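If you want the building blocks of each chain, they are given just below.
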Amino acid sequence: MYFSEHNKKGWRLLGVPFIFAIFLLAVPIATMTTLSFWTQDYLTLIKTITLDNYKQAWFQPVFQTLFARSLIISLTVTFITILFAFPIAYYISFYGGKRKALWLFLITIPFWTSYLLRMFLWKVILGYNGVLNSFFEWLGVITEPLTFLLYNSNAVVLALVHGWAPFAILPIFVSLEKIDRSLLEASNDLGDNNLSQFFRIILPLSMPGVIGAVLIIFIPCIGDYITPKLVGGPEGLMIANMIQVQFSKANNAPLAAALSVTSLLIVGIISLLFVFLNRKYLRNY
Amino acid sequence: MKKSNKIFKVIVIFFLVFLYAPALLLPIFSFNNSKVISFPLSGFSTIWFEELLYENTLHNALFNSLLIAISSTILATILGTLVARASTRYIFYGKRISITFILVPLILPEIILGVCLLTVLIQLGLDLNLWSVVLGHTLLITPFSTLIMVSAFNNLDISLEEASLDLGMSSFQTFRIIILPMVSPGLISSLLIGFVISLDEFIIAFFLTGVEPTLPVYIWSQFRFPAKLPSTMALGTILLIVSLILVSLFEYFRRRMELYNYYSVGLDQK
Numbered sequence: 001m002y003f004s005e006h007n008k009k010g011w012r013l014l015g016v017p018f019i020f021a022i023f024l025l026a027v028p029i030a031t032m033t034t035l036s037f038w039t040q041d042y043l044t045l046i047k048t049i050t051l052d053n054y055k056q057a058w059f060q061p062v063f064q065t066l067f068a069r070s071l072i073i074s075l076t077v078t079f080i081t082i083l084f085a086f087p088i089a090y091y092i093s094f095y096g097g098k099r100k101a102l103w104l105f106l107i108t109i110p111f112w113t114s115y116l117l118r119m120f121l122w123k124v125i126l127g128y129n130g131v132l133n134s135f136f137e138w139l140g141v142i143t144e145p146l147t148f149l150l151y152n153s154n155a156v157v158l159a160l161v162h163g164w165a166p167f168a169i170l171p172i173f174v175s176l177e178k179i180d181r182s183l184l185e186a187s188n189d190l191g192d193n194n195l196s197q198f199f200r201i202i203l204p205l206s207m208p209g210v211i212g213a214v215l216i217i218f219i220p221c222i223g224d225y226i227t228p229k230l231v232g233g234p235e236g237l238m239i240a241n242m243i244q245v246q247f248s249k250a251n252n253a254p255l256a257a258a259l260s261v262t263s264l265l266i267v268g269i270i271s272l273l274f275v276f277l278n279r280k281y282l283r284n285y
Numbered sequence: 001m002k003k004s005n006k007i008f009k010v011i012v013i014f015f016l017v018f019l020y021a022p023a024l025l026l027p028i029f030s031f032n033n034s035k036v037i038s039f040p041l042s043g044f045s046t047i048w049f050e051e052l053l054y055e056n057t058l059h060n061a062l063f064n065s066l067l068i069a070i071s072s073t074i075l076a077t078i079l080g081t082l083v084a085r086a087s088t089r090y091i092f093y094g095k096r097i098s099i100t101f102i103l104v105p106l107i108l109p110e111i112i113l114g115v116c117l118l119t120v121l122i123q124l125g126l127d128l129n130l131w132s133v134v135l136g137h138t139l140l141i142t143p144f145s146t147l148i149m150v151s152a153f154n155n156l157d158i159s160l161e162e163a164s165l166d167l168g169m170s171s172f173q174t175f176r177i178i179i180l181p182m183v184s185p186g187l188i189s190s191l192l193i194g195f196v197i198s199l200d201e202f203i204i205a206f207f208l209t210g211v212e213p214t215l216p217v218y219i220w221s222q223f224r225f226p227a228k229l230p231s232t233m234a235l236g237t238i239l240l241i242v243s244l245i246l247v248s249l250f251e252y253f254r255r256r257m258e259l260y261n262y263y264s265v266g267l268d269q270k
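Residue numbers (this note's numbering), protein chains in the order written: chain A, 1 to 285; chain B, 1 to 270.
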């Protein structure tokens, strides 16, 4: 009785949002997947099921390069960001004192300002006549503008790290906060030094936060359109740019759909891998 | 211990400089009296702000963005509140999987959301307009609203609600008089964050907007013209200030909820 009452009331509340998600999420993903098995001849869709789009998406060197680059860039960004974020989250959690909330607020503010403008600013900073070059020339450090700053993968990595780092700190901070401080006292009493304490207690216990941060950064980065388009140049373009081109200029929606489904698969596999690693890692402790 | 503390402090300060320095360029160059964005600065001027006053396309884009942001934020907050209430108050079949499903947009790259929605709209033969963007943004913001509202409802003492029902109030009265005021900081937080997300969202709007530009789509189109750079910087300065105000308000209401735990996805914690 009690349970069925809960069932009724629960679903009465959840019904509308659930149906909304079915129509705007499940149906679109299903449609896109279907489309990826069709082909397009100029403006007419040919609705015979074929794997041609996937053959192209997976085996043509252009797409392989783009997938590989997107993967490498987003993994690099993720790695650098975590390397940055961990000590900062650690500092706030262990030495933040009464000002923890203020520190967190300071770090998260930039995340809520326009992503588009922040990425664009990197173009302004790194450009040929940009802020950095003109500043160095003004100082007399260089005579010719540096050209290696903008329009390559490194610029994309730099801008993305700047864009996502604030968001990586939060989950790591939360998991560090959850660590029982008496465990640290115990390990000190039992003769651990700071380093071994870090590797034997703090790092393993904060792993869920690190994995959370990895997913929070990796997923949006691999599908990022704005940053590679603004600061990547031809050498720094990523898969999202190709999806957009296939959809609009190249007018090949089915291929764009196949590229999207493939990206989704890559994101899914890598995310599951990280979640699985996390489970396995935690079981050992 | 003392020494390592110092090293960390240096890292944190370095990081904050890295984080904020680019944003500082916006006000610097939007008040700079020069068409090129470079050092040395040439003088103080407000012409770039004045130029914004005469940009009709900009005003149109701003209006579109506000319309989209307000509609999608309200819709998403209603949906998120329903999900959060169901999640925190009732135990029912399929709860975990259906709520996880609603939260999926959090972990999908935005370009995939855009492509999916565009495909459906094209297949259905529907026109692209501002309402298609509203739907896309509602889908995107609902998970954020849900997480914020879950922590608001988690804060709610269930015995207050039971007491009110025992004392003869109807469930609607209980909702209006007891529950709603107690979760209102959550509601306001959700509205503010949703508004900021929608106002800034580019890629879904870029795919779904058709011929009517939103503010980010307008800004994107301005990037192609070097002559428009300084006034774009001026626009950026205004946007920066607006988001700072909104996010500070958000922080204020979030503190009123006295919660730090909504950052962690803890749907079932009770």
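Hints were generated in silico from the structure; no laboratory data involved. These numbers were taken from a predicted model, which means no experiment stands behind them. Cβ coordinates follow ideal geometry from the N, Cα and C atoms, glycine included. Among the clues, some could well be false.
[As the list claims (entries may be wrong)] Each computed DSSO-like pair below joins lysine-lysine, with the alpha-carbon atoms no more than 30 Å apart:
#1 B:K228 / A:K229
#2 A:K249 / A:K47
#3 B:K9 / A:K100
[Stated by the list, open to error] Pair ranges (Cβ atoms, derived):
#4 A:L272 / B:A227: 26 to 32 Å
#5 A:V245 / B:I238: 38 to 44 Å
#6 A:I142 / B:P27: 22 to 28 Å
#7 A:D192 / B:N155: 36 to 42 Å
#8 B:A227 / A:K100: 29 to 35 Å
#9 B:L244 / A:W138: 39 to 45 Å
#10 B:A227 / A:F135: 39 to 45 Å
#11 A:R279 / B:I91: 21 to 27 Å
#12 A:I19 / B:L67: 57 to 63 Å
Evaluated hints:
Among the hinted pairs, K228 (chain B) with K229 (chain A) is consistent with the structure: their alpha-carbon atoms are about 19 Å apart, no more than 30 Å. Distance hint between K249 (chain A) and K47 (chain A) is fulfilled; the C-alpha atoms sit about 22 Å from each other, no more than 30 Å. Taking the CA atoms of K9 (chain B) and K100 (chain A), the gap is near 13 Å; set against the 30 Å cutoff, the hint holds. Taken as a hint, the range 26 to 32 Å is violated for the pair L272 (chain A) and A227 (chain B), whose Cβ atoms sit roughly 49 Å apart.
The given range of 38 to 44 Å is broken by V245 (chain A) and I238 (chain B), whose C-beta atoms sit roughly 32 Å from each other. Between I142 (chain A) and P27 (chain B) the C-beta distance comes to about 26 Å, which sits within the given range of 22 to 28 Å. For D192 (chain A) and N155 (chain B), the Cβ-Cβ distance of about 38 Å falls inside the hinted range of 36 to 42 Å, so the restraint holds. Taken as a hint, the range 29 to 35 Å is violated for the pair A227 (chain B) and K100 (chain A), whose Cβ atoms sit roughly 46 Å apart.
Roughly 30 Å separates the CB atoms of L244 (chain B) and W138 (chain A), a value that falls outside the hinted 39 to 45 Å. Roughly 22 Å separates the CB atoms of A227 (chain B) and F135 (chain A), a value that falls outside the hinted 39 to 45 Å. Between R279 (chain A) and I91 (chain B) the Cβ separation comes to about 25 Å, which falls inside the hinted range of 21 to 27 Å. Taking 57 to 63 Å as the suggested C-beta distance range, the pair I19 (chain A) and L67 (chain B) does not conform, at roughly 24 Å.
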